[in-house]
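Asker: The residues making up each chain are set out below.
There are 2 protein chains.
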Amino acid sequence: MTEIAIVGAGLIGRSWAFLFARAGFHVRVWDPAPEVLDQLGGDIAAMVARTAPYGQAGPDPKGLGGRIRAEPDLRTALRGADLVQESGPERLETKRALFADLDAAADPGTILASSSSALLASAFAAGLPGAARCLVGHPVNPPHLVPVVEISPAPFTDPAVTERARQIYAAAGQVPVVLRREIDGFILNRLQAVVLAESLRLISEGYVDVVGLDDTVRHGLGRRWAFMGPMETINLNAPGGAADYLMRYGQMMADLARTAARDEAFTPEAAAAVGMAFAGLSTPDAIRARQDWRDGELAALAGHLAGRAHPSPSKDENR
Amino acid sequence: MTEIAIVGAGLIGRSWAFLFARAGFHVRVWDPAPEVLDQLGGDIAAMVARTAPYGQAGPDPKGLGGRIRAEPDLRTALRGADLVQESGPERLETKRALFADLDAAADPGTILASSSSALLASAFAAGLPGAARCLVGHPVNPPHLVPVVEISPAPFTDPAVTERARQIYAAAGQVPVVLRREIDGFILNRLQAVVLAESLRLISEGYVDVVGLDDTVRHGLGRRWAFMGPMETINLNAPGGAADYLMRYGQMMADLARTAARDEAFTPEAAAAVGMAFAGLSTPDAIRARQDWRDGELAALAGHLAGRAHPSPSKDENR
Chain A
421 MTEIAIVGAG
431 LIGRSWAFLF
441 ARAGFHVRVW
451 DPAPEVLDQL
461 GGDIAAMVAR
471 TAPYGQAGPD
481 PKGLGGRIRA
491 EPDLRTALRG
501 ADLVQESGPE
511 RLETKRALFA
521 DLDAAADPGT
531 ILASSSSALL
541 ASAFAAGLPG
551 AARCLVGHPV
561 NPPHLVPVVE
571 ISPAPFTDPA
581 VTERARQIYA
591 AAGQVPVVLR
601 REIDGFILNR
611 LQAVVLAESL
621 RLISEGYVDV
631 VGLDDTVRHG
641 LGRRWAFMGP
651 METINLNAPG
661 GAADYLMRYG
671 QMMADLARTA
681 ARDEAFTPEA
691 AAAVGMAFAG
701 LSTPDAIRAR
711 QDWRDGELAA
721 LAGHLAGRAH
731 PSPSKDENR
Chain B
421 MTEIAIVGAG
431 LIGRSWAFLF
441 ARAGFHVRVW
451 DPAPEVLDQL
461 GGDIAAMVAR
471 TAPYGQAGPD
481 PKGLGGRIRA
491 EPDLRTALRG
501 ADLVQESGPE
511 RLETKRALFA
521 DLDAAADPGT
531 ILASSSSALL
541 ASAFAAGLPG
551 AARCLVGHPV
561 NPPHLVPVVE
571 ISPAPFTDPA
581 VTERARQIYA
591 AAGQVPVVLR
601 REIDGFILNR
611 LQAVVLAESL
621 RLISEGYVDV
631 VGLDDTVRHG
641 LGRRWAFMGP
651 METINLNAPG
661 GAADYLMRYG
671 QMMADLARTA
681 ARDEAFTPEA
691 AAAVGMAFAG
701 LSTPDAIRAR
711 QDWRDGELAA
721 LAGHLAGRAH
731 PSPSKDENR
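Protein sequence lines correspond, in order, to chains A and B.
According to this note's numbering, the stretch in the first sequence is residues 421 to 739, in order.
According to this note's numbering, the stretch in the second sequence is residues 421 to 739, in order.
Just chain A, same shape as in the assembly:
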């Protein structure tokens, strides 16, 4: 039985606990705040109630909560874990100190994975005695409803550790993507950043309004990207496949990319314009309600896609 320790039980940590338990793993959850651990059982039960109608609480929704244990003692939480999923604050000094503690306390064979989206393993794990067992396993919020996990090992991470982490995430039902080299933002946030930059620019310069921008993605690009990536998309948009597409349209796309916005698009004016468009939807209550809506849609979409059982090109032998 795979044993998981969750370190930090905020929104992301609780979602990790849920998804590992959903897969049948045993999960122990530690957090420095006792009240967070006190609420854990109720939070997990609420997640089960919200996801089960879409088939997203696993084969045994009733037993899920029983496989998660709140554990106020860090050392006890770590004992016997195959993998520690750290989901603490995104500050380098905090993360370094925490990883030093984890490395000192965890069994020698335990993988130490961070949910960090902004810090690289080479920054927060360098110099630790157990540096070779450290890596980033970056999820998307919320991990139990969006399956990708970006695995980013440091140059000093043992490749066997990376491979074992990949297997554990895959066994938990996630889709692990292994980065071969570290880069700021990994893959997902780099792609999100270029979309945000060009979107903010198109809005600020008056080409389109916020609703039109969102509609273009939501009723356009996003329809394809929900079940195939941008590379497969272009492979199907020319009679001879992706290479043919890039021969036919590469110059046009290069011209568009050449004139695209970069960091200069992130202006206070652009932020104000976008903020204004969501004026009635940015109070804490409104955002919480809409996050619940989003999570319901994500669960429903996950259920829909699981039911399609379409062939995954990533599993085709000829790819």
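Among the hints, a few may not be true.
Where chain A lies over chain B, by a calculated footprint (3+ residues, C-beta under 8 Å) [as the list claims (entries may be wrong)]:
#	stretch
1	609-621
2	646-660
3	670-676
Interface residues of chain B toward chain A, partial, derived using beta-carbon atoms under 7 Å [as the list claims (entries may be wrong)]:
#	residue
4	599
5	632
6	635
Source of the hints: derived by calculation from the structure; they are not laboratory data.
Heads up, the beta-carbon is just placed ideally off N, CA and C, and yes, glycines get one too.
Go by the hints and put chain B onto chain A.
Answerer: Same frame as chain A, now just chain B:
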């Protein structure tokens, strides 16, 4: 009853014919190639058969084909049309000549819309007597399964024409997005271009392989963008909404955008690497089969999303 004329009955033109007829409109289809018109009835019947199981052939699938008429005479096809949807070749001189013909032959009140993805209305309609009734209505392939239509008027287009085109597309069940100023690539292809540029760069420089790149979008970003755009996505990723998000994470995103690839990423080597990843999936037969798979997934996803009836933020009064 809305009357539509389709000029050019390739893949895109046939899809337009289908979707207008699905909405109950009367559609006449003209194409310079007689064999294309001969096959039209069979093509439409096949589209009905493929989409009806997902509820994407409209309320009257049996009657859909009867509302489409192949018309070998251009002048007859145009007569009485509210809107002409031109879907011919993407060459400026061809498009200019065709629009001159359409403008000379169509009734004065008819809107002349082009499906062009690469040419702007100000380029192909400038100087025509009826320039004010010309615009671009750019669809995504295939339009009957991906609802967005980018409406891009020229500076000389009558705003009342733009508004009437918007109403017609919306009544046909599409999601029209009106651009306020012309720009190469409109919105959708500009966003696609920056994603392709950074994707090709991340693959070429060895950060991730093609499958990993596609998995990151398909099992990550695309899960959210299938039902909400990038602006609403960030509005839900900070406790104070989009403006708060940009204050907290804008600098990080700007740094990622600053170091992102642009046109230099479209190298022959990158094209070869992507082509290689799809080696077994790039024969004409394999691509056709996979396009059919894609269209089935798009139809199923459209059916799923229609069934969700989630509140559209673009229709909220407070946005």
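Asker: Against which earlier hints does the structure fall short, listed by number upward?
Answerer: none
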